[in-house]
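Chemist: Fit chain H to the supplied structure of chain P, relying on the hints for placement.
As they're listed, the protein sequences go chains P and H.
Numbering follows numbering that gives the first Met the number 0, with no gaps: position 348 of the first sequence is 347.
Numbering follows numbering that gives the first Met the number 0, with no gaps: position 291 of the second sequence is 290.
Worth flagging that the hints you see were computed from the coordinates, not collected in a lab.
Just to be clear, a hint being listed does not mean it is correct.
Copies of the same chain look alike in the list, so a pair counts if it fits in one copy or across any two.
Taking lysine-lysine and the DSS-like style, the derived pairs with C-alpha atoms no more than 27 Å apart in a straight line are [to be verified]:
1. LYS199 with LYS180
2. LYS60 with LYS438
3. LYS266 with LYS3
4. LYS180 with LYS428
5. LYS149 with LYS266
Protein chains: 2
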Amino acid sequence: MQNKTIVQLLKSEPTHHKVMVRGWVRSFRSNRFIALNDGSTINTLQCVVDFENFEDEVLKKVTVGAAIEVVGLLVESQGQGQNVEIQVSNLTVLGEANPEDVKRTILSPKRHSLETLREQAHLRIRTNTFGAVMRTRSKLAFAVHEYFQKNGFNYMHSPIITGSDAEGAGEMFRVTNLDAKNPPLDKNGNVDYKEDFFEKETNLTVSGQLEAETYAMALGKVYTFGPTFRAENSNTSRHLAEFWMIEPEVAFYDLAANMDLAEDFIKYVITYALENCADDLEFLENRLLEEEKTKPQADRSDMKLREKLRFILENNFKRVSYTEAIDILKSSKPNQKKKFKYLIKEWGADLQSEHERFLVEKHFKCPVILFDYPADIKSFYMRLNDDGKTVRAMDVLFPGIGEIVGGSQREERYDILLEKMKTMNIDEKELYWYLDLRKFGTAVHSGFGLGFERLVQFTTGMGNIRDVIPYPRTPGNAEF
Amino acid sequence: MQNKTIVQLLKSEPTHHKVMVRGWVRSFRSNRFIALNDGSTINTLQCVVDFENFEDEVLKKVTVGAAIEVVGLLVESQGQGQNVEIQVSNLTVLGEANPEDVKRTILSPKRHSLETLREQAHLRIRTNTFGAVMRTRSKLAFAVHEYFQKNGFNYMHSPIITGSDAEGAGEMFRVTNLDAKNPPLDKNGNVDYKEDFFEKETNLTVSGQLEAETYAMALGKVYTFGPTFRAENSNTSRHLAEFWMIEPEVAFYDLAANMDLAEDFIKYVITYALENCADDLEFLENRLLEEEKTKPQADRSDMKLREKLRFILENNFKRVSYTEAIDILKSSKPNQKKKFKYLIKEWGADLQSEHERFLVEKHFKCPVILFDYPADIKSFYMRLNDDGKTVRAMDVLFPGIGEIVGGSQREERYDILLEKMKTMNIDEKELYWYLDLRKFGTAVHSGFGLGFERLVQFTTGMGNIRDVIPYPRTPGNAEF
Chain P
0 MQNKTIVQLL
10 KSEPTHHKVM
20 VRGWVRSFRS
30 NRFIALNDGS
40 TINTLQCVVD
50 FENFEDEVLK
60 KVTVGAAIEV
70 VGLLVESQGQ
80 GQNVEIQVSN
90 LTVLGEANPE
100 DVKRTILSPK
110 RHSLETLREQ
120 AHLRIRTNTF
130 GAVMRTRSKL
140 AFAVHEYFQK
150 NGFNYMHSPI
160 ITGSDAEGAG
170 EMFRVTNLDA
180 KNPPLDKNGN
190 VDYKEDFFEK
200 ETNLTVSGQL
210 EAETYAMALG
220 KVYTFGPTFR
230 AENSNTSRHL
240 AEFWMIEPEV
250 AFYDLAANMD
260 LAEDFIKYVI
270 TYALENCADD
280 LEFLENRLLE
290 EEKTKPQADR
300 SDMKLREKLR
310 FILENNFKRV
320 SYTEAIDILK
330 SSKPNQKKKF
340 KYLIKEWGAD
350 LQSEHERFLV
360 EKHFKCPVIL
370 FDYPADIKSF
380 YMRLNDDGKT
390 VRAMDVLFPG
400 IGEIVGGSQR
410 EERYDILLEK
420 MKTMNIDEKE
430 LYWYLDLRKF
440 GTAVHSGFGL
450 GFERLVQFTT
460 GMGNIRDVIP
470 YPRTPGNAEF
Chain H
0 MQNKTIVQLL
10 KSEPTHHKVM
20 VRGWVRSFRS
30 NRFIALNDGS
40 TINTLQCVVD
50 FENFEDEVLK
60 KVTVGAAIEV
70 VGLLVESQGQ
80 GQNVEIQVSN
90 LTVLGEANPE
100 DVKRTILSPK
110 RHSLETLREQ
120 AHLRIRTNTF
130 GAVMRTRSKL
140 AFAVHEYFQK
150 NGFNYMHSPI
160 ITGSDAEGAG
170 EMFRVTNLDA
180 KNPPLDKNGN
190 VDYKEDFFEK
200 ETNLTVSGQL
210 EAETYAMALG
220 KVYTFGPTFR
230 AENSNTSRHL
240 AEFWMIEPEV
250 AFYDLAANMD
260 LAEDFIKYVI
270 TYALENCADD
280 LEFLENRLLE
290 EEKTKPQADR
300 SDMKLREKLR
310 FILENNFKRV
320 SYTEAIDILK
330 SSKPNQKKKF
340 KYLIKEWGAD
350 LQSEHERFLV
360 EKHFKCPVIL
370 FDYPADIKSF
380 YMRLNDDGKT
390 VRAMDVLFPG
400 IGEIVGGSQR
410 EERYDILLEK
420 MKTMNIDEKE
430 LYWYLDLRKF
440 GTAVHSGFGL
450 GFERLVQFTT
460 GMGNIRDVIP
470 YPRTPGNAEF
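Looking at chain P on its own, in the form it has when it is part of the complex:
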């Protein structure tokens, strides 16, 4: 007897053979039709029971959320929308789900808001929406690995606990083992981190880039894919305190090669999702359409979810210098009419989400890569251009979501990097190893970072980043 998953059975022909399936009851209509789901697909398998052949005691336990095992013949389905169904000959209830208890949870068969679902994050994965999102997330993660491995990159695990807080990419979480109330103090009355587990102050990483550079300068092509952390008190639909980041880093790549890589990579993973998550994306597309119906016309997207994904594949990412972008923005209607919250007055301004979205959604109407940003608003490690005022930075901007990738060519020249670190108060002693890369066989190299949850958001159409990671961590929230 075959023990197959529902995704396999739904694809197979009606063999009239006996099969066994286990899963959870999604619905039980007319004491006859069980819609069974086992998580392998968003679709349910119809299991038809002839109630006269089963004890009432058993059938009573076939309720929403219960785990059951059915055995029966796989036959042509009489119903619509599926090829096959099971004529149940044996039915075992493995685990009940008391309807009174179910009623108090999001498992109850009615519409629950995403906010309510978030509060029961351990159960929300049993809903269609979260099943679809998390299966897609898994496939996207695999596509990331497959892309890089196929292209000769080495996966590198950069450290999570870090003794260097030099990068200044954002506020950090402290990792410690000291007594929380009465930490040991040194003779100056400061906390004595020499007594801590690592004998120094340590934090959670905000980026694996600097360590990835050390590996790129030996292995050539590397990428990281791991959790990163920001202790920023921003309670928005775009920020998490804990999120997963992908950071490729490549020796001998200049900024143009870096842009090519970013574009090629993003197109690969989106193609992979379209090809491997068809059912889930169809469901999510319809979900989004429903959701948008509740919004004013102006806020609705003019493309359906999969159209938006294909749009990315079919367009070249438009490459625009920061200087050019500023000119466009300065003379743009929303700037002239003071519709922007932050008006663009002069070169050097930091671009806000509203500006990025204007460029992508209104002006160019395609994905945009902005590059050559003013040095003053970017990080110390970015390659200074010959003009002395811009750096080889790039941001990939997407419709609806804004920045999805940020990267740069790295400053490979020892003297210039050292000077920059001094100017920007980066501790050169602490980052001696980063400087060493410029001392021993330095070379042009580049890389970028992509926040994985932003990619999942874009691909699934979920509006809130808390709904694309299993257990979101945000200010005041570390449940489960």
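Modeler: Chain H only, in chain P's frame:
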């Protein structure tokens, strides 16, 4: 003109076409033969320069560690051990490596101990040994993903920062944002975690299992692959404070299916390494042979590295109950002759590494899966057997390395789990969500954890776990 990596060029025919390669100088013999490496393979490409055609000023800079770009024809190699070499027509030094500076680092071409290499972890990746280890690590990681994805598992990112410290798997690191010296206190004089970032005390995860269970009970088959942390002060060659763990979890799997999964999975990833890391494993095998020459005969392994890997593939993992193992150990020679450090006196004893290795290496001479351990020495979530004294736990034991996998069937019965939690002082309120899984459609399910670094150690033959992760974190050490 082709811009290929060295691994590609070494596989190609001598085309007599012009190619361009960039990499780092490993050696420069007789002012004529440059051994060039770009990290894509352990092998170097021979680049032949006719010194009469090049400025002395340029050739002087072609020193160990320098980054160079060469252009030339790809021709038959005159030397041994490779098909092709490059007849260099253009040579550009991209980044020098001052020999005086190099001399002070592990880049200097002489033998350095693994301990010394560890102190310069940002440079050790440029050595043959670490290049081989880290390329193999990357391939193994991909094999992990490929195996699970091919078999219908969903990759799940379990949270890293966790508000629950209930599992009791080991000492944890605290994650905090509070002032280290003067934390806010509540009215009872205790640290007021309500003021902390997450408004509660949070720690770094020791395992993603409990959260993975919530996903398995909806998606069916899931796996995690992420960093986990133990704040244990164990300075051994087998322990890290930060390490990567793989944790599959499957609904409807009993312990037997769990054992099948573990065995099939391990064989898959080792096969993948043998097929995809041939050059690196050959190098590591020879490295190990050299290393073992320095050891007394008795401590040397009787199998070469790849023999040991194939041995795993060719043997069925022997399944032995704990009770059976105790009988074997009790009457074993080392127990009778008091050679074990911990003598086995009676049923219930916790097995030590020496016992595990005796069973694997001396008694059964093959990988062993021990199962049905005494409940008292195992975790609260393990499925109690009908005998009331053992649980459905399993450990996979490997030669040389001991435990590589630990897993169990999980207790799926609400009442029994609750009672166990009470007995073992596990806070049921904090783990209400874990109990919920047994309330709504509970079912038999199982999973295991595999420490990724142990797998990399086994596959690469590296004796110290600090040498199989880029930047090891251990007591007193969080450099880089």
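Chemist: Hint compliance check: list the failing hint numbers for this structure, sorted ascending.
Modeler: none
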